[in-house]
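Required output: the full structure, derived from the provided sequences and hints.
Number of protein chains: 2
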Amino acid sequence: METNLLFKKTCDHYRECGVLQSIGAILEWDEQTMAPAKASAYRAEQVACIARTLHRLRTLDKVGDWVQTLVDSDLASDPRSQSGSTIRNFARDFTRQKKLPESLVEAISKQAVIGQQAWVQARKESDFSSFAPHLERILRLKREEADAVGFLDERYDALLDDYEPGATTADVEKVLGGLKQQLVPLVRQILDSKKKPDRSIVCRPLSVSCQRRLGISAAELLGFDFQRGRLDTSTHPFSTELGPDDCRITTRYDEDFYLWSFFGTLHEVGHGMYEQGLKPDQYGLPLGKYASLGIHESQSRLWENLVGRSRSFWEFFYPKFQEHHPDLGNVSLDAFYFAVNDVQASPIRVEADEVTYNLHIIIRFELERQLLDERLAVSDLPQAWNEMYDELLGIRPVDDAKGVLQDVHWSAGLIGYFPTYTLGNLYAAQLFAAAEKDTGNLADMFRVGEFAPLLGWMRENVHQQGRRLGSVELVEDVTGEAPDARYLMDHLRRKLLPLYT
Amino acid sequence: METNLLFKKTCDHYRECGVLQSIGAILEWDEQTMAPAKASAYRAEQVACIARTLHRLRTLDKVGDWVQTLVDSDLASDPRSQSGSTIRNFARDFTRQKKLPESLVEAISKQAVIGQQAWVQARKESDFSSFAPHLERILRLKREEADAVGFLDERYDALLDDYEPGATTADVEKVLGGLKQQLVPLVRQILDSKKKPDRSIVCRPLSVSCQRRLGISAAELLGFDFQRGRLDTSTHPFSTELGPDDCRITTRYDEDFYLWSFFGTLHEVGHGMYEQGLKPDQYGLPLGKYASLGIHESQSRLWENLVGRSRSFWEFFYPKFQEHHPDLGNVSLDAFYFAVNDVQASPIRVEADEVTYNLHIIIRFELERQLLDERLAVSDLPQAWNEMYDELLGIRPVDDAKGVLQDVHWSAGLIGYFPTYTLGNLYAAQLFAAAEKDTGNLADMFRVGEFAPLLGWMRENVHQQGRRLGSVELVEDVTGEAPDARYLMDHLRRKLLPLYT
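In order, the protein sequence lines correspond to chains A and B.
Residue numbers for the first sequence follow this note's numbering, so the first one is 1 and each next one is one higher.
Residue numbers for the second sequence follow this note's numbering, so the first one is 1 and each next one is one higher.
Think of the hints as simulated: they come from the structure by calculation, not from any bench.
The model shown is predicted, which means the values in this text are computed figures rather than measured ones.
Derived Cβ-Cβ restraints for the label pairs, each shown as a range:
id : chain 1 : residue 1 : chain 2 : residue 2 : range
1  : A       : Ala345    : B       : Arg204    : 54 to 62 Å
2  : B       : Gln464    : A       : Lys320    : 53 to 61 Å
3  : B       : Leu5      : A       : Glu2      : 45 to 53 Å
4  : B       : Arg140    : A       : Lys9      : 25 to 33 Å
5  : A       : Lys8      : B       : Asp127    : 36 to 44 Å
6  : B       : Lys9      : A       : Lys8      : 36 to 44 Å
7  : B       : Gly394    : A       : Ser207    : 49 to 57 Å
Stretch by stretch, here's where chain A covers chain B in the computed footprint (C-beta under 8 Å, at least three residues):
id : stretch
8  : 22 to 34
9  : 45 to 53
10 : 228 to 239
Glycine included, every Cβ here is placed at the ideal spot set by N, Cα and C.
Below, the structure is given as structure tokens:
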């Protein structure tokens with residue numbers, strides 16, 4: 001067959017895989033937002049059925065042959081071209097999937113549903129022991145996965161690579177280690193400062209419906225398209241795409257802390273706008289897929305923090321915020337802005353400020369590596385968790401619900417995912433600086449409610465690229481420089497030191 | 001292979017089909033209740049993917065061989081036994097599915113999603129012309145389906161048989177014709193009566209959230225299990241099962257006519273409780289499936305009308321109703337009960353009273369038969385519709401939204417479905433009478449809020465039977481008599497004549 005025709009045929013095949021993948025996403029979204037209490041046992045069967053069917057499609061021998069022929073063809077000669085990068089990604093997907101037995105894929109997908117349900121319950125009751133057997137099971141399965149895929153140094157490599165293609169544990173360790181050295185003294189300096197925001201401002205109760213309206217209004221302002229998406233409620237906030245024109249984000253509400261739902265929403269809006277910015281005509285294909293989870297998190301963290309916690313954003317949005325929350329009528333913008341950027345050692349990752357956030361990640365990265373390598377037993381995890389919080393943040397969670405049970409990830413089999421948040425923070429600061437170089441002073445735009453220039457720049461330089469490049473390559477290509485933590489540290493110091501000194 | 005083993009293997013195969021079928025139901029439920037506006041084009045791809053995959057599974061040659069072997073085995077010798085009826089249903093399913101080309105199955109499933117979207121829009125704008133091309137397409141596809149399946153007298157037989165196994169168009173025509181002869185004079189007598197309820201009672205505005213709370217409270221009272229189900233909102237109310245422990249029902253709200261959402265909810269609760277009463281360990285198999293749509297409608301119409309519009313139900317529930325709707329504080333039970341049973345010639349089927357309801361069905365049955373046989377052109381349908389309403393009910397809809405565009409069915413490819421509503425009314429009255437014979441005076445129970453005995457009787461005699469028997473056989477078996485319209489007519493006369501004379 002002529003190579004171009006074969007390429008088209010292979011693309012059609014992967015588009016069909018994309019349809020199945022999106023069906024799986026519908027099942028999981030529904031499970032976490034809508035499904036009645038007793039539906040989850042059968043939902044695990046449904047998810048497993050799709051996972052199995054998809055895995056069969058992705059590992060058909062004939063597809064392996066097609067991909068090999070394409071790899072050897074002229075179409076693959078330039079790895080940065082549309083066809084070259086598409087074929088490279090096909091080959092990567094096929095190779096990884098072919099190594100995984102169908103029974104393992106099915107077991108992991110089933111355990112993810114059952115594990116998340118168990119986690120929701122365990123978290124509600126702060127009962128780690130009821131969740132422990134699920135974590136054991138998921139770790140066993142993920143070890144099997146790592147062993148099947150193969151790795152150079154340690155099992156963690158094999159899992160990390162699925163979220164952050166090309167990254168190794170050693171790379172991540174170096175980045176996180178370097179960052180820790182700079183963050184710890186900065187956190188110390190801030191926590192020792194006598195200047196503190198008035199925290200009572202952000203604890204004035206606000207009804208769920210008001211919080212929801214505020215979240216939707218900010219999401220629309222930033223550019224989230226509700227004709228192609230929804231906002232719902234779930235135990236752990238997330239973003240997912242159920243099709244090229246169907247992006248669903250969630251948040252969670254606490255009437256006493258309205259900022260959590262607000263920034264949680266902005267975070268997911270960042271993810272959602274990335275998905276909404278992918279090329280719809282490439283849906284199911286590598287060029288229509290997010291580059292890596294690190295890049296994905298760069299978008300969520302950028303809109304949550306570099307935009308949402310900036311003074312200029314609040315110069316525009318604070319009056320609207322006050323309309324929904326009349327208790328803030330007599331609170332000045334300065335006081336509010338300081339409270340929004342309150343740095344404190346707190347036990348919950350998703351509610352953490354921009355500085356300490358990365359320490360939460362470092363703790364999780366260390367612990368999940370040890371769990372995977374059996375250097376740490378599940379039964380010893382809560383204690384290890386609490387000790388690391390004591391060591392790095394000087395606090396101990398009051399219970400496991402606010403400690404080791406706070407995140408959904410491990411219950412869902414997402415081991416190796418956490419470091420991508422900090423990579424995202426790094427990338428976000430560097431991409432933001434590059435966008436500013438190209439488009440002019442962003443703060444001036446935010447101040448008058450203009451967010452389209454920043455979104456437009458991200459669309460063109462990041463979203464529309466899909467997986468054409470790896471994440472490191474992409475950052476280098478777009479910013480003219482290899483990923484560098486300096487941008488993040490500069491941003492944090494420039495923003496926080498004036499508030500705290 | 002030993003026959004018992006083969007039977008088990010074949011059952012496992014159909015259980016897997018059941019998983020896929022339930023996934024299709026999730027996609028459709030989400031499309032009609034949750035999906036954002038622009039998601040529907042791709043949703044059609046997703047639905048078609050599941051339909052195609054399911055059809056392939058259901059028509060595998062090896063499955064045909066297994067089923068044939070089972071048909072010829074001892075396990076099939078008693079057609080009323082568990083194994084015998086299961087095998088009979090397998091054979092029926094395989095034969096029908098095998099006759100349908102995959103491309104047709106896929107095209108119908110896609111057109112159903114796209115057609116429903118078009119219908120929602122057309123109904124909103126009361127614009128039949130924008131919907132007409134979709135109806136043309138669906139009719140063309142359904143004719144193809146009928147021709148592929150084959151039929152004795154007319155195409156309609158082939159479609160009807162899918163909803164009401166074993167029923168023929170001639171049977172239905174006879175039943176509906178006989179009923180019409182009795183209904184028309186009864187409707188005349190009632191409409192000519194000078195006694196009328198005070199209709200203003202049921203037009204006192206009630207907020208959607210109050211209506212929703214009332215619906216949920218009635219649903220719980222009757223026995224709908226919200227641990228295994230949900231109630232949501234959609235353009236056209238429906239009930240669907242997304243798994244053995246996941247039944248979703250919907251209703252629609254009009255702030256000015258609270259009874260519509262209320263009785264709509266009771267109707268779907270009846271469907272939902274049937275699904276919730278099926279044997280979970282038989283899920284995906286014939287004995288875990290509803291007997292026919294006529295039997296399904298018998299359950300919805302029974303809880304909506306024989307329970308929900310009975311005086312004894314309101315003796316118990318009216319005080320609770322008044323709590324939610326303080327405007328009814330000074331309205332007597334008698335006045336309210338009469339208003340709830342207001343008989344009038346109205347244009348909307350789902351809002352019709354128990355008597356005129358069947359005339360709405362007769363109109364649809366006639367028209368869809370003519371459309372399918374090309375005796376009526378789509379472009380002439382609105383006029384034909386309005387003329388039949390004039391003839392049978394003496395009214396003309398004010399526009400197509402309240403006329404020919406009111407029902408979802410045709411847009412979703414459900415042609416041949418409507419007669420099952422009237423069959424359901426017949427079965428409901430006859431089953432209700434049989435339940436009363438077994439359990440004692442039902443009105444006395446309703447009066448004190450006891451609905452479990454009736455539900456328990458239905459569970460045992462109808463729900464737990466699944467497809468062991470055909471619908472006519474089932475009614476005969478349970479009531480000791482062939483289906484007979486006399487029960488319905490007796491019920492209507494006994495209830496309505498005292499109100500109107």
